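Work the whole structure out from these sequences, hints included.
2 protein chains.
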Amino acid sequence: MYRPLSIKPLPTLFGLAGGLVLILGILATASIAEKKGDRVYTFNDEDELLQPLYWDIPSNWREWVYVGTPLTPNELNNGKASFPEFHSVYIHPDHFKVWKRTGAFPDGTIMVKEMTSVGSKQAVSGSGYFMGEYLGLEATIKDSKRFKDEPGFWAYFSWTREGKPRAKTTKAEPAGKCNICHQSFAKDDWVFTQYYPVLRAAKPGR
Amino acid sequence: MYRPLSIKPLPTLFGLAGGLVLILGILATASIAEKKGDRVYTFNDEDELLQPLYWDIPSNWREWVYVGTPLTPNELNNGKASFPEFHSVYIHPDHFKVWKRTGAFPDGTIMVKEMTSVGSKQAVSGSGYFMGEYLGLEATIKDSKRFKDEPGFWAYFSWTREGKPRAKTTKAEPAGKCNICHQSFAKDDWVFTQYYPVLRAAKPGR
Chain A
388 MYRPLSIKPL
398 PTLFGLAGGL
408 VLILGILATA
418 SIAEKKGDRV
428 YTFNDEDELL
438 QPLYWDIPSN
448 WREWVYVGTP
458 LTPNELNNGK
468 ASFPEFHSVY
478 IHPDHFKVWK
488 RTGAFPDGTI
498 MVKEMTSVGS
508 KQAVSGSGYF
518 MGEYLGLEAT
528 IKDSKRFKDE
538 PGFWAYFSWT
548 REGKPRAKTT
558 KAEPAGKCNI
568 CHQSFAKDDW
578 VFTQYYPVLR
588 AAKPGR
Chain B
388 MYRPLSIKPL
398 PTLFGLAGGL
408 VLILGILATA
418 SIAEKKGDRV
428 YTFNDEDELL
438 QPLYWDIPSN
448 WREWVYVGTP
458 LTPNELNNGK
468 ASFPEFHSVY
478 IHPDHFKVWK
488 RTGAFPDGTI
498 MVKEMTSVGS
508 KQAVSGSGYF
518 MGEYLGLEAT
528 IKDSKRFKDE
538 PGFWAYFSWT
548 REGKPRAKTT
558 KAEPAGKCNI
568 CHQSFAKDDW
578 VFTQYYPVLR
588 AAKPGR
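If you're matching them up, the sequences are chains A and B in order. The first sequence begins at 388 in the numbering used here and counts up one residue at a time. The second sequence begins at 388 in the numbering used here and counts up one residue at a time.
Since the hints were derived computationally from the structure, they do not count as laboratory data. Be a bit skeptical, because a hint or two may be false.
Pairs count within a copy or across copies, as identical chains cannot be separated in the list.
What the hints assert, rightly or not - Derived DSS-like pairs: lysine-lysine, alpha-carbon spacing no greater than 27 Å straight-line:
1. 508 / 574
2. 574 / 532
3. 590 / 551
4. 508 / 590
5. 535 / 487
6. 467 / 508
7. 467 / 532
8. 487 / 558
9. 508 / 558
10. 564 / 508
11. 590 / 487
12. 555 / 487
13. 574 / 558
14. 508 / 555
15. 467 / 558
16. 590 / 555
17. 484 / 535
All values reported here derive from a predicted model rather than from experimental measurement.
Quick look at the structure:
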C-alpha cells in the first residue's frame, strides 16, 4: 500500500536532537583523541621523544606559535656558539592558549627550538644577518609525571646529530647540560621570556 | 488523550538527515563568513588597511605561520637601518596552506612583518642579539583586483608611526618605496624566500 511520506513534528524533533548529539559526539571524540591524556607528544618505549612529525597525532612545529629568535653567530662566539646562529623558538598552540589565559605554562607544555645558519650578511634591506639553512632541532617539555625528578619538571631534548641527518627520536639531556641554565637565568618558569616579546606581550596583566 | 511517545523510523531518519544538513550548513556559513570573498583582511572606506586585530574577523598575526627573521642591527647600518633590528615575518595560515600545496602565493595573500629592538647582546647562551621590545608593524598584500596597477599586484603597508603608537589603519606605500626592491631582488613572486627557510622547505617539489 502506498502512503505519502509525512513528517511527524515530535519524532522529527527527536531525530534533529539525535543528529546534533551524533555530530557533537564525533567532535568530542576527535577533541579527546587530540589530547591523548593532556599530552600532545609521543615517547617510544625507550623513553625517547619523537620529532613532532612522527607523533601519534603528527604535528608540524613550523606551524606552532612562534615566540622569538635569539641569534648567537658563531663568529661572535669563538667560531663555535653553544646554539649555532639563529634559534627560532615555537610553543605548541594548545599551551600558548593557556599561557595567554593564565600567564603560566601548563603541565604538558612543549616548546621547540629550530636552529638556522646565517646565510647572508648583506641584502637590499641593509647589513646584518639573514637566515640560511636549517642546522638543528631541539625541544623542551614540562611534565610533572614523566619528569618528576627534573628541576621544575622541565626536560630538554636535541634531535641534532652533527654531520648526520636529524634523529627521529632522542633521549632527555642530563639536567646539568640544559636545565641548570634555564633554572638560573630564565625569567618565567624555566623559559627565557626576557628574550621572547611574543610571550611577554601575551601574558595577562602585563 | 495520552499517547506514549513513539519513535517512527522514517521521520526519525529525515530528522537525523535534517540535523546533519543543519550542522553542515552552520559550518559552511562560518567558513564562507571567514573567507569574505576570499579576502581575510579589511580595508576601510578610505582604502586604508586595518591592523589584523581590527578586521571584520579579527586575527592575531602573532599566531600566523612564522616564516623567518632577518636582523639588520642599527649599529651595522650607520645607526639607522631601513628596517630596524629584528624583523619577524608571518604569513596568514590560509595562504601558507596554498603555498604548501602549489608553491605559489594565491590572490589575497597577506604577510606581516613585526620589528623588534635588540634588547640584549649577551646571554647565558653566548654573545649575539636577543629580542627586546616591539618597534614596528608592516604588511604586504597581493590582490589583483584592489592593486591591479601595482607591479605583481603587491602593495606594502606600515602601521609604524615614529615616536607615536602604531596607527590602526594605513594607506598603501608608493610602489617606489617598497615594491621596486621586492620586484628586483626577491626570489619568489616579490617574496624574499631566499631568507625564509620555512617557505623554502614547505615549497612542493623542493
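If you test the structure against every hint from before, which numbers come out violated? Structure breaks hints 7, 8, 9, 14.
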